[in-house]
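J.: Full structure from sequences and hints, please.
Chains V, X and P, in that order, give the protein sequences.
Residues 1 to 116 in our numbering are what the first sequence spells out, letter by letter.
Residues 1001 to 1332 in our numbering are what the second sequence spells out, letter by letter.
Residues 2001 to 2094 in our numbering are what the third sequence spells out, letter by letter.
It is worth saying that the hints were derived from the structure and are not from the lab.
Note that CB positions come from ideal geometry on N, CA and C, so glycine has one too.
Check before you lean on any hint, since a few could be wrong.
[Said to hold, decoys possible] Just so you have them, the derived chain X footprint on chain P, three or more residues with Cβ under 8 Å:
no.	segment
1	2012-2021
2	2026-2036
3	2049-2062
4	2068-2079
[Stated by the list, open to error] Label-pair distances were calculated between CB atoms; the ranges are:
no.	chain 1	residue 1	chain 2	residue 2	range
5	X	T1163	V	P80	12 to 22 Å
6	X	P1204	V	T5	30 to 40 Å
7	X	I1258	V	V69	34 to 44 Å
8	V	I8	X	N1002	24 to 34 Å
9	V	A61	X	P1204	21 to 31 Å
10	V	P80	X	P1204	17 to 27 Å
The primary structure of each chain is shown beneath.
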Amino acid sequence: MTILTTYISWTFLVLGGFLCISGAVGLLRFPDFFTRMHAASVTDTLATALIILGLLLQTDAWMVQVKLVMVLVFVLLTSPTASHALAKAALHGGLKPQLKIARGSNKAGQQSEAEA
Amino acid sequence: MNMETVINMVLLSLLVVTAIAIVRIKDLFAAAMLAGIYGLLSASFFVMMDAVDVAFTEASVGAGISTLLMLTTLAMTGRFEKISGNYRPRLALVLVALTGALLIYGTLDMPAFGTAAAPVHEHVAPRYLNDSYAEIGIPNAVTSVLASYRGFDTFGEVVVIFTAGIGVLALLMRAEKPTPRTQTPTASMHEHMVLRIVAKMLIPLILLFGLYVQFHGEYGPGGGFQAGVIFASAFFLYSMLFGLSEARKVVNHVVVQILAALGVLLYGSVGIVSLMNGKNFLDYSALSADAVHGQHLGILAIELGVGITVTTVMIIIFFAFSGRNQIEGEKD
Amino acid sequence: MFTVAAAAVLVAMILALARAFAGPTLYDRILAVNVFGTKTVLLIAIVGFLMGRPEFLDIVMVYALMNFITVIGILRFFEYAAESESADETIKER
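T.: See below:
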C-alpha cells in the first residue's frame, strides 16, 4: 500500500467519522421528526459509504474487499429505502412536517406530534 | 487504556442503560425496539470478546427474529402496558434484590476475567483447541465442538426448536383459515412500491447469503442455526411486504411442516447410520472409511438438518402468529 | 485512524440511543433504531480491522440485513396495531 492510498483512506475514515457525529447531533437536536430524519438518513448513507471506502483501501485481501463492497451495496440499497418507508409511514400516520420555525424551543416538535 | 477496553466499557454501559430504559418504558412497541438494540449491543460485545459464532447467533436471533416475533405478538395484544396504580410487590422486590446480591457475591469467588488458570481453560477446552483440527479436520473449532463432540446436545436443541414449532401449530392452528380480511393487505403498506422493488432485489441475495452461511460454517462463523434464521428472514420480508396470502402461495404449508420433521429426521438418521456401522450414536467417523472424511460428511449432513428445521419452524411460527393477527385484528 | 473512526461511531451510537429513549413519537424511535443499527454495522467493521480480524465482515452483513428487516417489521406491525386499536390512538405516550 502506498503512502497516498493510506492518506486517502485516513481522510475517508475521518470524514466518515465526522459525518456520523454530525448526523447524530442533528438526530438529537433538530425540532421535528422530518428534520431529524433528514439529518440522520443523509449523513447515514454518506458516512457509511466513506468509512467502508476507507476500510476498503486498507486491505489487500480480495475476499475482504468483496465482502466490504457487498456490505456497502447492501447498506446503500436498504438505508435510503428504510428511510423512505419510514417517512411515508409517518406522513400516513398523521405526522405533519413542522413548517414554521419555532425559535429556540425543542418543544415545538412535541406539539406538532400532539396534534397528530 | 487501549481502544478495545474503551469500546467494551461503552458497550457495557449502553447495555445497562438500555436495560433500564426497557423496564421503565410503557410503550411496548418502543420496548420491543429497544430489545432489538439490546440484542445488537450484546452481539457487538460478543464480537469484542472474539466469540464470533455467538455474536452471529445473537445478531440474527436476538436482534432480528425475536424482535419480529415480539412485534407480531404486540400487534395482537395491544401497544401499551396496563398501568395499575397500587401494585407494589415489595416482597418480590426484596427477593429479587437478595438474589441479585447473592449472585454478585457468587461472582467474587470466580477466577479473574481472562485468567489462564480458570477451570474452563483447563478442562476440555485445550483438548478441543489442540486436537480438533487433527480429529475433525475443519478450521472452525466452534463448529467441531457444536456439531461433532457435542453433537448429541445439538440434536437436543434441534428437537427443542421442532417442539416449539409443533406447540405453536397446536395452539394457533385453528386460526389458519383465510378470511376475507386476509385478501386485502393493509392499504398504506400496499403503496410502498419502492420497498417492494428493493425487497425483490434483496430476497435472492439474502437466500444466497443464507446458503453461504450454511455451508461456510466449517471455515468461518455460521452454521445451520444462523443460516436457518437468515433463510427464514427472506420469507418474512416477502410476507411483510406482499401480504400473508401471497407468501402462503410461495410457501406451501404442508411442505413446510413435513420439512421441519425431515430436518430432525436427517439429523437423527445420521446418528442411526453411525450406530449401524458399529460406532457410537452420532460418531461420524463411521460414515466413511477415512475417519476425518466421515466427520466432514456427518457435519455437513447434520448442519443441513439443523438448517432445514430452523428455517421451517421459524416460518411456521411467524406465519401462525401473523395469520392469527390478521384474523383476530377486528376483535378488539 | 481506526481509533478515531471507532470513537466517532461510538459517540454517534450514544446520541442515537438518546434519541431512541427520548422519542417522542414512535417514528423517532424507529429512526433512531435504524441509525443505531447502521452505526453498529460500521463499528463492527472497524473493530474487525482494529483487531486485525476482518473475518468479522460476515457478521457485519447479518447486522445490516437484520437491521433492515427489523425496521420493515416495526413499520408493518405498527400499522396492524394502529388499525386494530384505533381507539388507543388518542392515548399519548408518557
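J.: Look at each hint and say if it fits the structure.
T.: Hint check results:
no.	hint	result
1	2012-2021	holds (count 5)
2	2026-2036	holds (count 5)
3	2049-2062	holds (count 9)
4	2068-2079	holds (count 11)
5	T1163/X with P80/V: 12 to 22 Å	violated (41 Å)
6	P1204/X with T5/V: 30 to 40 Å	holds (34 Å)
7	I1258/X with V69/V: 34 to 44 Å	holds (39 Å)
8	I8/V with N1002/X: 24 to 34 Å	holds (26 Å)
9	A61/V with P1204/X: 21 to 31 Å	holds (26 Å)
10	P80/V with P1204/X: 17 to 27 Å	holds (20 Å)
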